[in-house]
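Asks: The listed protein sequences correspond, in order, to chains U, P, C, L, H, D and E.
Numbering of the first sequence is given in my numbering, commencing with residue 1 and proceeding in unit increments.
Numbering of the second sequence is given in my numbering, commencing with residue 1 and proceeding in unit increments.
Numbering of the third sequence is given in my numbering, commencing with residue 1 and proceeding in unit increments.
Numbering of the fourth sequence is given in my numbering, commencing with residue 1 and proceeding in unit increments.
Numbering of the fifth sequence is given in my numbering, commencing with residue 1 and proceeding in unit increments.
Numbering of the sixth sequence is given in my numbering, commencing with residue 1 and proceeding in unit increments.
Numbering of the seventh sequence is given in my numbering, commencing with residue 1 and proceeding in unit increments.
Among the clues, some could well be false.
Here are the simulated lysine-lysine pairs, DSS-like style, with alpha carbons at most 27 Å apart [said to hold, decoys possible]:
| id | chain 1 | residue 1 | chain 2 | residue 2 |
| --- | --- | --- | --- | --- |
| 1 | E | 24 | P | 7 |
| 2 | H | 281 | U | 167 |
| 3 | E | 80 | P | 111 |
Not everything, but these chain E residues come out facing chain P in the computed CB check (under 10 Å) [as the list claims (entries may be wrong)]:
| id | residue |
| --- | --- |
| 4 | 7 |
| 5 | 33 |
| 6 | 63 |
| 7 | 68 |
| 8 | 70 |
| 9 | 72 |
| 10 | 96 |
| 11 | 108 |
| 12 | 139 |
| 13 | 259 |
| 14 | 262 |
| 15 | 296 |
In case anyone wonders, no lab produced these hints; they're calculated from the structure.
The C-beta atom is built at its ideal place from N, Cα and C for all residues, glycine as well.
Listed here are the chains, written in short residue letters.
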Amino acid sequence: METVVSIKPLLASLVSLVAVIPIVLSGKRPNLREGWTFLAGLIKLGLVVSMLPVVLAGGTVQYTLWEVLPGLAIAFKADAMGMLFALIAATLWLVTSAYSIGYMRGLHEHSQTRYFSFFAVALSATIGVAFAANLFTLYLFYEMLSLATYPLVTHHQDGEARASGRKYLTFILGTSIGLVLPAMLIVYSLTGTLDFTAAGILSGTTTKTVIVVLLLMFVFGFAKAGIMPMHGWLPAAMVAPTPVSALLHAVAVVKVGVFSIFRILTGIFGVDLLRTLGLGETLCVIASITILAASLIALSQDGLKRRLAFSTIGQLSYIVLGAALLSPKGMVGGLLHIAMHAFGKITLFFCAGAIFVATGKKNISEMVGIGKRMPVTMIAFLIGSMSVIGIPPTGGFISKWHLLLGTLEADQLPMLVVLLSSSLLNAAYFLPVFYRAFFCTAEESLFPAKIEEAPAWCVAPLVLTALISVGLFFNPQPFLRLAEMAVQFCVGG
Amino acid sequence: MEMLLAKYNYWIYVTLMMIGIYAMIAKCNLMKKIIGMSIFQTAIIVFYVSIGAKKGATIPIIAHGHGVAHEAVRVADYVNPLPHVLMLTAIVVGVGTLGVALAIAMSIHEKYGSLEEDEILERQE
Amino acid sequence: MDNFFIAGGVILLVLMLLTLYRAIIGPTAIDRLMAVNVIGTKTTVLLIIIGMLFNWVEMFVDIALAYALLNFIVTIATSRYFQHHKNLCPIGFGIRHRKEGARK
Amino acid sequence: MIDIIVMILFGIGLFSFFSTTVGILRFPDFYSRMHAAGKGDVFSSVVMLLGLVIYHFHHPSLDGVLVAIKILMISLFIFLASPTATHAIISAGFNSGVVPWAKPKPEEDKQ
Amino acid sequence: MISPEQYPVLIVVTPLLSAFLINILGNMDKRFCYPATLLALAGSLAAAVGTLCRVANEGVIHYRVGGWPPPFGIEYVVDHLNALVLVVVAGVALVAAVASKRSVEEEFPHKITQFYTLFVLLTTGLLGMTITGDAFNLYVLMEIAALTNYALIAMGGNRALMASFNYVVVGTIGACFYLLGVGHLYIMTGSLNMADIMTILPSLYGTNAILVAAILMLLGAWIKMAFFPLHGWLPNAYTYAPSATSSLVAPLMTKVSVYIMIRVMFSVLGATYVFTVLPVKELIVWLATAAIVGGSLFALSQKDFKRMLTFLIVAEVGYMVGGAWLATERGITGAILHIVNDAVMTLCLFLFSAIVVYKTKGHQLSNLEGMFKKMPLTMTAFAVGALSMIGVPPTAGFFSKWYLILGGIDAGQWQFVVALLFSSLVNAVLFFRIFEIAYYEPHSDHHGHSAPVAIDEAPMSMLLPLAVVAVAIIMLGLYSGEIVTTFIQHAVPAGI
Amino acid sequence: MHIFYSFLVLFAFWMLLSGKFDAFHLTLGVFSSLLVAFLSADLLFHDRNKSDSRRWRELRRFIAYLPWLGKEIVLSTVHVTYLALHPRMRELIEPQVMHFKTRINSEIGQVVFANSITLTPGTITIQEEGGEFLVHALNRKFADELPGEMEERLLRVFGDEEQANG
Amino acid sequence: MIWQFDLLILALGVLCALASISLKDLLSAAIVFGAYSFLMCLLWTEMGAVDVAFTEAAVGAGVSTVFFLAAVYHTNRAVKPRRRGRLLHKLVGLVTAACIGLLLLSATADFPTWADPNSPASVYLSPFYITETIPQTAVPNIVTAVLADFRGFDTMFETSVIFVAGLAVLAILGSYGRRQRDYEPSPTGQDAAHQSSIVQTACRVFVPFMQLFALYVVAHGHHSPGGGFQGGVILGASFILVAISYDLRVMQRRLRERLAMLFAGLGVLIYAGIGALCLVLGANFLDYSILHTILPATSPIMARSHGMLGVEIGVAFTVMAIMVIIYVNVASHGKSDRGL
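Extracted from the complex, chain U is given alone in its bound form:
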């Protein structure tokens, strides 16, 4: 275990924040502006990747920026878990940026400069969360992300956007201020520190009741993870432009939520503590309720994006469930699912966006026969769905496999049942979309049988992510390696 002190984690986070300045300044010249975005994205990815060897070798990259108060520092640490997440985020930002260009220009959206700026800020915050070395830093970037995504969610600035923006903030800020902050303060006043450590910091400091309360506060407090009943913002936030939804649902926001929960469970509570107190089961129950309920609701949604949203809610709880199993395999599965779901879901959202750009349709019932018109998009959609359902040969299979193994390892057979039935449900709400798109008679089809895809800037990214999803099945490295290392580190290998 070597520890490298380097400013890289900070830079990786800052680079997109700094990029905001040239983006704003070049607001009048779109090409230059997007150029900056790409440049920043590349630098960011480069920085993240440059740390990969150290992390893969079992080391960490650490950097303490500033000790704000005694025992309360803004500190960064790139370890396996953070690396895993950062890698996903950095990669997907590039892809999403490319997609955004196609989508935004395709629809002639207003205020694109603002859009790209806040996008960059959001990414900065995401990487910050990934590399946070303590709860305080995590919280800081978590809040930053909440605020940066608000203008994105309400991009359209109409009444609907207003209502959902309000809902978004109510959930996100309300829970983070009302639950996470006090929980964090209580932890701090109990232990005097907020650093993430392998064994957790809470063991032996307080009673079970307090631990349970804290746990619940954290799990529900990180509302970005969408654990029911804190999921209400997610479907509402679907009013945002699709790249934003993609970002929210696949990359940044929700993943930050589950990642934070992961961090808390391993770094603050510690697996051993949770295990001794038997809190894993409680969490499992909470997660499984969300999984099933969300899947069922998703079945009944007609809006494509809404259906995807409920799907996300369910999938997120897979990750939480993985963590809650407290078994190595399960946790690996959970972490892997962050990656796999990200690539799968982003493909799906890109597809939804591409459909909207090309046809202006939002509802599934209006998409009969669309496959004939946009075959590339819809095939990518199929791949994405397969990944989310967990059908080989897609990455989703790998993570679900680990999760299933985890339930066995933890002797949680009911969870096995939950996982399997939920997969069935997933299939039940995704495959009909595909079916309608392709398998219909010419009369039923609502679209002329002429191939007319969305702009190339839209299609290329979704093809890419779909391909990555497939590729991850065959070679899940480095994510698998990172996940295993992270779990090994926390479970006390």
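Since the structure of chain U is provided, determine the placement of chains P, C, L, H, D and E on it from the hints.
Replies: Just chains P, C, L, H, D and E, lined up with the frame of chain U:
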């Protein structure tokens, strides 16, 4: 009786202060409030000056060349000058506040044509 | 002799109390003004008496003089009031109208 | 000797002030009260101040003389200022229309 | 030349002397006023910073005015607590003065001289209140600050007049209560020097008179700071005050009063007396809780932007008073830190409201419509202030709240903790409502380009201070640790 | 010239007030008197055309007039006392307002006259406008006495030579 | 202290206070309040606080009453009889007053007996002032010495308070600084109402003496009661007397408002400037003893005495000017034309 003589000054200052506070709170007329305010301030001055009083002492001006020149000054002969100094300040502050309060009251009257608090509030709506 | 002065002062004060009765019951503002003016003049005397009792009149004469001056100013200022506002009994509240209080 | 003179002067002053007070309280109208206030006031004050001046000559000295002169100055001021003030007050009353009291006679009912 | 020994007195004397010069110069040509004011306040700030550095290096500084030894003459004591507050007061005043130029010229062009003279004198009063070590001197300065304040508020005309009048009445009661309290201490101890009183007092702890003195002084301070049940005068006064006034008065007046309360608690009565002998600790924390909740709820119900901010001040006062009375080290640290942070935050918000008034001639919430489009930079700076009020890291507001909540947890005063969180939530609702209003301009269409809105930023003299304040909020947040370890931890009385 | 006279008068007044005859205080006195003389000489000597000898004569005669006035004051006090303490006071008085025109021309003379009327028994000056006097008297007797002896005496003080002798 | 007087005066004072807050006629209330102030002045003299009494006579009783009258003149004189709904106010007022009263009364039990020579206040700080005044400052009037030297800093701010008050009145009421500074010509060309020549003449003669008396009070503050404040107020009152007996315009010919404001600023500037001079010469702020280096032929002790005189002159300037300014603005409602 002993008690009465020993402390009556303090009691009376309390009485004056109560009158002042009552006027400031209960009176509707702004001028009355100002008068109450002045009474209140005077009550405090009574209090302080009473602190400075000393039995058998004369005013705090040293009898310079008044028969007892340059002898050792006997402390017991002179009342405590410090409260007097403080109260000079308080009086001046009082008149300052009075001036400002009157000016504001006059502006209010010019604006709303009344000095009665409730009427002014009505007319503000 | 001090006792005599104290007694004199006390009598003066009691008489001032009586005068104050006029100042309080009025009935008109100028009646009060008159009474207050009388009280003021007597206070000047009382100040000198207090000086006598402190056995050090020099220090009190200035105050008495200033007092007399300012009492005069207040009286003149009040009388000035009536050269513009020629009403003794402003409308809106009841003064017990005596014969002499009646308005022209 | 001086004490006795002072006492007498003081007594006169107090008595006239007493009658002034009684006058202020008893006289029927504003104008007549003004008579009491204006005249008795000056006289009683000046007399008492004179008494105090004389008392000061117990120990004649330069300081004592100066103080006596100052007290005289005060009485002079009262002597000049009081009638002026009386005049100011009564003219204020007249301006604002105080009607002089008249003996309640049957033929003067027109008021 | 003048040695660093003399810095403490220069902090106060520089603006004092300048005030009269400004008045004289202004009578000749009113264009002199503004630069002269800035110069004076900058001088004061420089002296304050110099003093702060000396305090950091050498510890507490005593300065004898007139050269007389302490209990007899007046003494200036600059310790770790007030060195900090001094810099804040001087700094905030300078920034507010810079920003005042346009709104003064607009709101009362004929009274520029008077305004700036009063402005500088108000600053002098506040600085003097902070620096003095003499209980009575504090009263005199309190009155200077109060009188200037009345006048500055009343200059707003119309409804400001009645507000100002109420303030005069209430403010006088407050100041007189303080004076009476000092009188009670004086009659029992015979001294007026704070440090001196504190050494004499322990032998008198049991007496009723000291109890009454404590109650009176605290009541006085509470009235001045608009602590919850006594806050009635504040909202109107600050709402209808001219904007240049409110951006000076709102950040400083309540904070300095809180400082005075802390000074009275720890440097006159003594922490032991306040926390162990007086049986009111819990009660006051409950009142503070009520202040926070009440202030927040009232703020929520306002349609007037500036009025909403004033109710937030009421809530913030609850933070500080509650924190100081938690009687835990971290609570007091939080209260002191919040004095600093809140001054800067409030300044930010009121500077923004000054800009709003200047640009739109009103301070209703509806005046803010479309602001993000029209003045993006201004809104960004305002957003920083708003986030700080909500308590989002790394802005300053988060850290003081952090300490306050920790203090509440340490003291086991959970209701206070809950109230703080509640008020954070309410602030979030409030400010995001404002953001919403400012963000959704009424005429935006669904897609495509809306009519381009000409960017119409505030004039530089208003925007620059606002930006500086916004940066300061973040810097204060980042440097909170430094502030706490260098200054505040020395200011918290030992043995709590 | 007026300033100089004012200065002299004021400086004398200062010495009486001060009672300190060291150089420091006298210097202060000189400065103060000069200042006030400069500020307010026109108030003290209003009528600039009056000759110095006339001023002097008026002052002399005015002082000679004072004892008589003193006697009148005593009388008036006695009278008021008598009235105030008389049990049936209301029957004794018969207030009335009367007016007359005086022959005194000088302003200061009229003022002294008015104040003298106020101080003497039973009469008070209500208004005085360019020699027109409005006087309140307690009863007819006093009203009838005016202007009477007092005017004669004051004419001797303030009147022109021929008036005084005539 | 003479307790017989004390008791009676206090009783009178309470009566006056009660009367002045309950009278329905504001003019009468102001008059009675003036009497109250005069009685308070008497009370303080009787307790030995001559300087306080002097100030109260000048400021509290004299000038403030005039301010009150002027304010009443420009506003409504009658207090409206209350229709309804004031009961609650009265109740709140009574309860608050009673609570505060009880609180304060409960404290009096612990106080040392009134006028006890051994009370803490009398034995702790004051002996220093009493014994050290002459050796350190050569000023017999201890109050002046404490006021202008030992606690000179307080006094500087006190002067500033006065300055602030004047400025505040100007800022609230005044039209000062506006372009239309010319006096409004009154319709008839001359005031319809003016004081009778009797009053005018009497005042005319009094004014110079009054001014000299004021200067005397300032100059002799070291030896007898009085000083800058008292002298300044009387000086100001003399101008007010001109305004009352003649006209505001006549007064303004002598002392323009602009000039008065200059004086006011100058006065405090003199005070603070002397303090700053000490600072520049190397001593602490307001440490007059250092002034002996620039004053010819004086010892540090005499330098203190002279420093105090300088300071008192500054105070007098300010107080005089501000009293005039407040009067002008209050009496003419900021128009500075005709006035009361």
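Asks: Against each hint, give a clear statement of whether it holds in the structure.
Replies: Do the hints match the structure? See the list:
A C-alpha spacing of about 34 Å is found between residue 24 of chain E and residue 7 of chain P, which places the hinted pair above 27 Å, so the restraint is violated. The straight-line distance between the Cα atoms of residue 281 of chain H and residue 167 of chain U is roughly 39 Å, outside the 27 Å bound, and the hint therefore fails. Taken as a hint, the residue 80 of chain E and residue 111 of chain P pair is honoured in the structure, with Cα atoms around 18 Å apart against an allowance of 27 Å. The beta carbon of residue 7 of chain E comes within 7 Å of a beta carbon in chain P, closer than 10 Å, and the hint placing it at the interface holds.
This hint holds: residue 33 of chain E has a C-beta 5 Å from the nearest C-beta of chain P, less than the 10 Å allowed. Nearest Cβ of chain P to the Cβ of residue 63 of chain E: about 7 Å, under the 10 Å cut. The hint holds. Annotation: residue 68 of chain E was flagged as interfacial toward chain P, and the flag holds, the nearest CB pair being 7 Å apart, inside 10 Å. A distance limit of 10 Å between C-beta atoms decides the matter here; for residue 70 of chain E the minimum to chain P is near 8 Å, and the interface restraint holds.
For residue 72 of chain E, the suggested interface contact is upheld, since its CB lies about 7 Å from the closest CB of chain P, less than 10 Å. Of the supplied interface hints, the one on residue 96 of chain E holds, with its beta-carbon coming within about 6 Å of a beta-carbon of chain P, less than 10 Å. A least Cβ separation of about 4 Å between residue 108 of chain E and chain P falls short of the 10 Å threshold, and the interface hint therefore holds. Hint status for residue 139 of chain E: holds, given a least beta-carbon distance of 9 Å to chain P, under 10 Å.
For residue 259 of chain E, the shortest C-beta to C-beta distance to chain P is roughly 19 Å, which exceeds 10 Å, and the interface hint is violated. Checking residue 262 of chain E against chain P by beta carbon gives a least distance of about 19 Å; that is not within 10 Å, so the hint is violated. About 24 Å separates the beta-carbon of residue 296 of chain E from the nearest beta-carbon of chain P, more than 10 Å, and the hint is not met.
In summary, the structure is inconsistent with hints 1, 2, 13, 14, 15 from the numbered list given earlier, while agreeing with the others.
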